[in-house]
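K.L.:
Read top to bottom, the protein sequences are chains A and B.
To convert, note that position 134 of the first sequence is 139 in this note's numbering; the numbers rise steadily by one, no gaps.
To convert, note that position 228 of the second sequence is 733 in this note's numbering; the numbers rise steadily by one, no gaps.
It is possible that some hints are incorrect.
The calculated SDA-like cross-link candidates involving lysine to any residue, where the alpha carbons are at most 20 Å apart (straight line), are [said to hold, decoys possible]:
| # | chain 1 | residue 1 | chain 2 | residue 2 |
| --- | --- | --- | --- | --- |
| 1 | B | K669 | A | E40 |
| 2 | A | K239 | A | R301 |
| 3 | B | K634 | A | N131 |
| 4 | A | K22 | B | K753 |
| 5 | B | K587 | B | T510 |
| 6 | B | K634 | A | G68 |
| 7 | A | K191 | A | G155 |
| 8 | B | K521 | B | Q666 |
| 9 | B | K634 | A | N49 |
| 10 | A | K22 | B | K554 |
| 11 | B | K669 | B | W657 |
| 12 | A | K22 | A | R89 |
| 13 | B | K606 | B | V559 |
| 14 | A | K22 | B | D605 |
| 15 | B | K669 | A | K22 |
| 16 | B | K634 | A | D21 |
| 17 | A | K22 | B | V635 |
| 18 | B | K727 | B | K679 |
| 19 | A | K42 | B | K606 |
| 20 | B | K679 | B | R638 |
| 21 | B | K634 | A | F243 |
| 22 | B | K606 | A | I264 |
| 23 | B | K606 | A | D45 |
| 24 | B | K727 | A | D45 |
| 25 | B | K753 | B | E591 |
| 26 | B | K679 | B | K634 |
| 27 | B | K634 | B | V609 |
| 28 | A | K42 | B | K521 |
| 29 | B | K669 | B | N550 |
| 30 | B | K606 | A | F229 |
| 31 | B | K554 | B | V609 |
| 32 | B | K679 | B | W657 |
| 33 | A | K22 | A | G51 |
None of these hints come from the bench; they were simulated from the model.
Spelled out, the chains give:
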Amino acid sequence: MRNTFIKTLVQLAELDKRIFVITPDLGFSVLEEFEQKFPDRFLNVGIAEANAVSIAAGLALSGKIVYVYSIMPFVTMRPFEQIRVDVAYMNTNVRLIGVGAGITYGPAGATHHSIEDLAIMRALPNMAVFAPSDPYEVEKITEESVHHQGPMYFRLAKKGEPIISNPTHTLCLGKANIIKENPQNKITLLFTSNASDIALEVEEQLSQHGFASDLISMHTLKPFDYDTLEVLLKSKDFIFTIEEHSLIGGLGSVVSEYIAESHYRPIFKRFGLPDEYSHYVGSQYFIREKLGFTSRNITDTIMSLV
Amino acid sequence: MNLNTIANSIRRSIVKMNARSKASHSGTALSTVDILTVLYFKTLNIDPKNPLHVNRDKFILSKGHGSSALYATLAERGFFDKSLLEGFYLDGGILPGHLDKEAVPGVEVSSGSLGHGLSLGLGMAIANKVDGRDSKVYVMCGDGELNEGSMWEAIMFAPCQQLKNLTLIIDYNKLQGYGRTNEVINLEPLSDKFTAFNWDVFEINGHDYTEIESALTQTTQKPKVIIAHTIKGKGVSYMENQFVWHYKSPNEEQLQQALSELI
């Protein structure tokens with residue numbers, strides 16, 4: 006995802022001189038092409054995230070479109086109050102690009118995990134929250150980001166994720182990306198960001214049990230596609246959300262808030278990470294197992310409900 | 506109109522605003538007025554009739570709790586009608602206690618949380634440089650604001666960009682939220698610190714118009730910092746250098762006394 010992001014951004018920057026990239030000293034082996042092609046529009050501000058975000062806002066107030074790139078906690082939580090005032094409150098064209106969604110950086114430890122970012126970022130007025138499930142979504146929304154007015158947050162995984170989108174589908178911010186849907190299906194799996202692999206496994210496992218299910222990538226948590234959710238609630242009996250994020254405040258919260266205030270009463274359950282920091286040492290997949298966030302557990306739970 | 510007359514008019518607006526609204530920060534606002542007067546009536550390339558002109562100079566009041574001074578100065582300079590000052594900090598007014606850039610023309614950034622303004626100014630100065638504009642960026646911070654770590658991130662970074670179009674003005678009024686600035690965290694030797702961080706340093710009396718204008722207009726090859734020694738509450742005898750006027754607002758009797766002194 007991060008390689009798709011920067012490749013797309015380099016192409017856009019060839020045509021649009023407003024595009025800037027700022028890094029607080031991260032992005033080694035990712036940002037070099039941008040730096041070499043556009044040295045006047047690339048800033049490494051040093052390990053100083055607060056300064057990075059406010060400089061970005063200052064540039065944006067001067068007409069630039071500024072992408073601040075870092076590992077997720079350092080571009081969301083470390084400079085949060087700068088984001089709140091200089092980016093969200095002033096509604097500036099700053100794009101916060103976080104890499105390492107959820108527990109992507111597994112063995113690096115919990116300082117580098119990001120299980121709270123969706124909750125935090127979607128609480129900010131004006132902030133668009135984009136959590137792509139595959140590189141195709143990254144490419145299309147990066148293209149759209151040049152024209153979007155106001156701030157955006159990108160929750161990227163890392164690299165090597167497969168494309169699961171149908172490339173003939175038009176993608177845009179705030180609209181669900183339907184990977185697989187059949188009006189006859191009674192089960193819908195809504196997922197976001199780097200939980201796409203788990204969602205696909207669950208869909209496969211359910212089908213082995215004889216249950217067909219929809220697969221829908223909710224790549225934008227804000228503005229959320231409530232229209233699609235409304236359509237699903239009218240026709241589906243079972244709605245499940247899957248995300249590699251704390252169960253507090255992410256996709257599951259968005260959907261449950263809507264359902265709670267509606268008259269629909271589907272069988273609904275959220276799947277995500279527990280409200281705890283991981284002290285396990287191991288890969289993303291190892292830690293998922295330890296935290297119980299696996300396709301097998303999710304499938305078993307769903308099978309107990311259908 | 507001479508600068509002193511203008512500054513007194515701005516100060517009268519400030520004490521009236523704070524008396525009417527019972528808002529804090531009268532002393533904070535008053536220490537900045539002479540510098541704001543020189544900036545807005547002598548130095549800045551601005552046009553109140555075209556406040557978003559792309560080649561304008563920009564001024565950022567990073568110490569956003571001194572908002573009444575900037576609002577009053579902008580009104581004095583003709584950016585908006587002085588009658589709007591009457592709603593400052595009050596139900597239905599459009600001027601909040603800390604700066605909102607959407608409130609009125611001339612307010613370049615929203616502020617109120619300390620330690621943001623210099624970095625915002627850095628971004629604007631870099632944009633000017635990249636776009637080949639001669640426009641300048643001026644940022645005013647409080648002395649207590651230098652306690653914020655983000656200030657020093659920006660102070661370290663600015664000289665690396667050779668930003669000779671950026672000026673930081675420190676309103677060194679020696680008082681902050683909980684006591685005397687240099688008793689809370691000692692800033693001294695402040696001038697030496699900026700010299701060591703590779704800034705060009707000017708140390709002036711922040712109430713002397715000649716010194717202010719001279720420091721603002723001197724060209725440098727590095728970012729410029731003006732350490733302006735000021736008096737909190739300047740111009741109102743009972744407020745001057747009195748910590749309590751970080752918080753208090755004048756009652757009717759005090760307001761009348763202040764107005765009688767500001768002529």
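K.L.:
Just pull the numbers of the violated hints for me, sorted ascending.
P.N.:
1, 2, 3, 4, 7, 8, 10, 12, 14, 15, 18, 19, 20, 21, 22, 23, 26, 27, 28, 30 and 33
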